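In order, the protein sequence lines correspond to chains A and B. Here my numbering is used: the first residue of the first sequence is 5, the next is one more, and so on. Here my numbering is used: the first residue of the second sequence is 19, the next is one more, and so on.
Warning: the hint list may mix true and false statements.
[Said to hold, decoys possible] With the Cβ distance kept under 8 Å, some of the chain B side facing chain A (calculated, not the full set):
1. F179
2. G180
3. C201
4. P211
5. A213
6. P214
7. P218
Treat the hints as calculated values from the structure; they're not laboratory data. Everything numeric in this text was worked out from a predicted model, so none of it was measured. Glycine is no exception: its CB is placed at the ideal position from the N, C-alpha and C atoms.
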Amino acid sequence: MTNDDGNFNKARRHFLRGLGMTAAVAAQPAWGGETLQDAFADFFQKDYRRMSTEEIEAALDRIERKAKNRYDVEIDCQNTPPQPGVVYGYAINISRCKGYRDCVHACVKENNLGRDSQMQYIRVLQLDQGDFNLEHSDHYYDPETVPVEGKHYLPVQCMQCDDPPCVKACPVEATWMEPDGIVVVDYDWCIGCRYCMAACPYWARHFNWTVPEIPAEEMNTNTHYLGNRPRPRGVVEKCHFCIHRTRKGQQPACMEACPTGSRIFGNLLDPDSEIRYVLANKQVFRLKEDLGTEPKFWYFSD
Amino acid sequence: MRMSRVNERAFGCNVAHPVSPSDVAGTRSVAARCLPLATLLFCTAMLSANAQESAEPTQALRFEGYPNAPQASVVPRKENLFFYPCDQCHATMEPNPDIRPLNAMHDSALEHGRGRIWCTSCHDLENRNFLRTFLNELVDIDEAYVVCGGCHANRHKDWIFGAHGKRVANWQGDRTLYNCTHCHNPHSPAIKPRAPKAAPPVRAGLTLERGTVHKKSHVWDSEEEHAKQ
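Just chain B, same shape as in the assembly (with noise of 0.2 Å):
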C-alpha cells in the first residue's frame, strides 16, 4: 500500500509522526527528513563515499540531511485544517489533472508560483489526503517543509538551522518548529500587509513633527544661513 510507505519512507529515522501537540516535541529530526534537490545529489555522494568505507551498503543511500543540523520537530497542522481529510469530498470525485479554471470551496486563486506550478505539483492525484514530491513520494500534509523544500532550498536550510522561521517558545532545550505552511498560504505565500499595533504616544509636552530634517549648523557658517536654520 502506498500509504503506509508514508511511515516506511525513512530518511534516516522511523519515528512515527506526532500527531497532537504534546507528541510535538518527539525525537523526529526534521533534517533527517528533508529534501531540497541541490543538496540531494551532493550528499547522496558524500554518503556513498562514507559507506563504502564502512561495509557494503544493503539499500539504497538516501539523503540525510545537513550535517551537523539541529535536531528539531514541527508542529503539527492537520488538527487545525478545516477541509482535511481532503477525500472526505475528492472520494467521490474524479481525479482531473488538466489545468483549468478553479471554482473550488477553498482557495480558488493559485497564486504560488504565478502559473508555473499547478495543483498537482503538490498535491497527490490519487491519494487525495497527501502531498508529493518531485520524486514521486508521498508526503504527510504535517510535513509540507519536505515538499516546500523541493524549490526553496536555501529557504528550507535556514529554517532548519534557524534563520528562517520561527521556533517555538524556548531558545534552549527541545526544539520545536513551526511549519512552513504555520506562516505561509501555501497557495498565496506572500504574507498579506496588515494594521500595525498603536503608535508609541508622544511625550508630554512635546508634538509630533513630522519630516523634519534638522540640519547641522557650524560655526563656520554665515548669520543667514543661521537665521534660515
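Isolated chain A (complex conformation) (with noise of 0.2 Å):
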C-alpha cells in the first residue's frame, strides 16, 4: 500500500508540474507575440463572407494588434464595403506608356509588399514594336533610358476577370468577385495551395515566401481587410485594384504615379465616366480574349 502511495503521489506529481507549466507557457506572451486570446480566435476565425459584423471588427482588431507586434506600427485595418451601382474597370493606353516602372514601385509602396521578396503585382513587359507575342516578352529589362527604340511597353497585372478561373480553382473559397467587381483574397483563409496561380492564365497571382519586410517608416497604414494588409508568409495575392483606396473614390496607386498618364480607372457603370469614353471611342483589346475570362481590363492605342 505505501508503495502504491508512492506511486499515486509521484504521478500526481508529474500530472501537476505538467499543468503548471502549460499554465506558465500560456500566460507568456508566446504564439509569436500574440496572446492565447488572439491565437485561438485566429485559429477559429472564419471565411470572410462568413463572419458577422463583430467578429470582422474583432478580426481587424487582430489585425492591427499583430502588425503592431511584427512591424511596431499603428495600422488603420478597414472593411470599407463596395459602392452599390460601381463595377470597376481598367484601361491602359500603350501607345503612351514608356515603361519607367513607375507604377510598380508605387504598388510595392501602397501594399505593404515586402522589399526583399520576389514579388510585384505589376510587370511591364517589354516587347519588340510590331510583336505581340508574350513569350518573346522582358519584363527584366534595364536600360539606361525608356524608351528603347524599337520597343513598346505593356503593363500586366490582375486583369479583375468577370469570369475568373482562379475563383473557380479555389478549393477553400479562400478568393471570390466582389459585387464592385474585384477579385479579392482572405489571407486568412488562403491554404497557400497555389491552384489558382495556376489557374490564372496572365500570371497575375504571386505566391508570398516570405514574410514581407518593411521598414516601420514605410509602412502604409491605411489598410484594408481585403487588401494591402500585412499579410501571412505562405498566401496567394494578387492586385486588388487598390480596394482601400478606390472604394472611397481615389486612384488606385499605380494610376496615380503614373507619370504618362496612360492608366484610366473608372466605373463601367456610369456611361459619362473616362472608362466608359474610352472604350466607345477607341481601339480597344484585351489580353488572351479568346478564353473567355472576360476581364475588366482594357488596352488601347491612339
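Work from the hints to combine the two standalone chains into their complex.
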C-alpha cells in the first residue's frame, strides 16, 4: 500500500508539474507575440463572407495588434464595403506607356509588399514593336533610358476577370469576386495550395514565400482586410485595384504614380465615366480574350 | 481694357479663374472654355439652330464645348513658373515680331512645330503675360489648353473626356485635370526619355536568360530535333 501511495503521489506530482508548466507557457507572450486569446481567435476565425459584423470588427482589431507586434506600427485596418452601382474597369494606353516602372514601385509601397521579396503585382513587359507574342516579352529590361528605340511596353497586372478562372480553381473558396468586380483573397482563409496561380492565364497571382519585411517608416497604415493589410507568409496575393483607395473614390496607386497618364480607371456602369469614353471611342483590346475570362482590363492606343 | 476681356470672355461661364490649388476644385467648366477650331464651326451651327427655336439671340453665339462633356477644373500653373509675370522683363523691351535666332534666358530652342510656328503664334505680342488664340483672343497662362486645342483638336477632346492627360487624385467626385503644359513643355512638347525604375529581382535560384526563345517541342519531332532543343 505504501508503495502504491508513493507511485500515486509521484504521478500526481508529475501531472501537476506539467499542468503548471502549460499554464506558465500560456501566460507568457508566446504564440508569435500574440496572446493565447488572439491565437485561439485566429485559429477559429471564419471565412470573411461568413463572419458577422462583430466578428469582422474583432478580426480587424487582431490584425492591427499583430501589425503592432510585428512591425511596431499603428495601422488602420478597415472594411470599407463596395459602393452600390459601381463596377471597376481599367484601361491602359499602350502608345503612351514608356516603361518607366513608376507604377510598379508605387504599388510595392502602397500595398506593403516585402521589400526583399520577389513579389510585384505589376509587370511591365517590353516587346519588339510589331510583336505581340507575350512569350517574347522581357520584364527585366534595364536600359539607361526608356523607351528603347524599336520597343513597346505593356503593363500586366490582375485583369479582374468577370468570369475568373482562379476563383473556380480555389478548393476552399478563399477567393471570390466582390460586387464591385474586384477579385479578392481572404489571406487568413487561403491554404496556399497555389491552384489559382496555375489557373490564372495572366500570371497575375503571386505566392508569398516570406514574411514581408517592411521598414516601419515605409509601412502604409491605410489598409483594408481584403487588400493591403500585412499578410502572412505562404498565401497567394494579387492586385486588388487598391481596394482601400478606390472604394473611397481615390485612384489606384499605380494610376496616380503614372507620369504619362496612360492609366484610366473608373466605373463601368457610369455612362459618363472616362473609362466608358475610352471603350466607346478607342480601339480597345484585352489580353487572351479568346479564353473567355472577360477581363475588366483593356488596352488601347491612339 | 483688353485684360478685363479675359475674364469676361464668356464661353458659357463667368466664374473667375482659380488662383491657388485650394480653389482648383471650383465649378468652372473646362469643356465650356475649349476652342478647337474644327468643332467650333460644327457646334456654333448646332447652337444657332437651337437658339432660333427658343428665343432671339441677343449676343453672338460662342462655342460652348463638347456635348455631354464632363465638368472639370484645371490645376493652375502660374505659381510654378519661374519667369512669370513675363512683363517683369518685357515691359522694358520693345516688341519684335521678326523671326530671328533666339538667345533668350529661357527655352531658346523652339522645337515645337518644327519651324512652322513662331513665339507669337501662341504668345500675345503686346500683352506679354497672356497667350493668344488664332481668333486673336487673349488667354490666361493657366488656360493654355485653350491655345493647345486650336491645333490639337483631337487630343484636346480626348483630354476633356479623360482619354488623354491625367486626372488628379480621384476617380469619383470633383474632377481636376492637369493642364497640357503640366506634362508637355510647350516649347519642346515631346516627352524626353528617362531612366526606368529598378528592374524586378530575379527569383532566388534562377538566373536571367535574355533572348531565349523556347521552341515548342512536339511528339512527332525526330530525336535529332529534340536534341537540338
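Hints and how they fare:
1. F179: OK, holds: F179/B within 8 Å of chain A, min 4 Å.
2. G180: holds, 3 Å
3. C201: holds, 7 Å
4. P211: holds, 4 Å
5. A213: A213/B check passes; min Cβ-Cβ to chain A is 6 Å, inside 8 Å.
6. P214: holds, 5 Å
7. P218: holds, 5 Å
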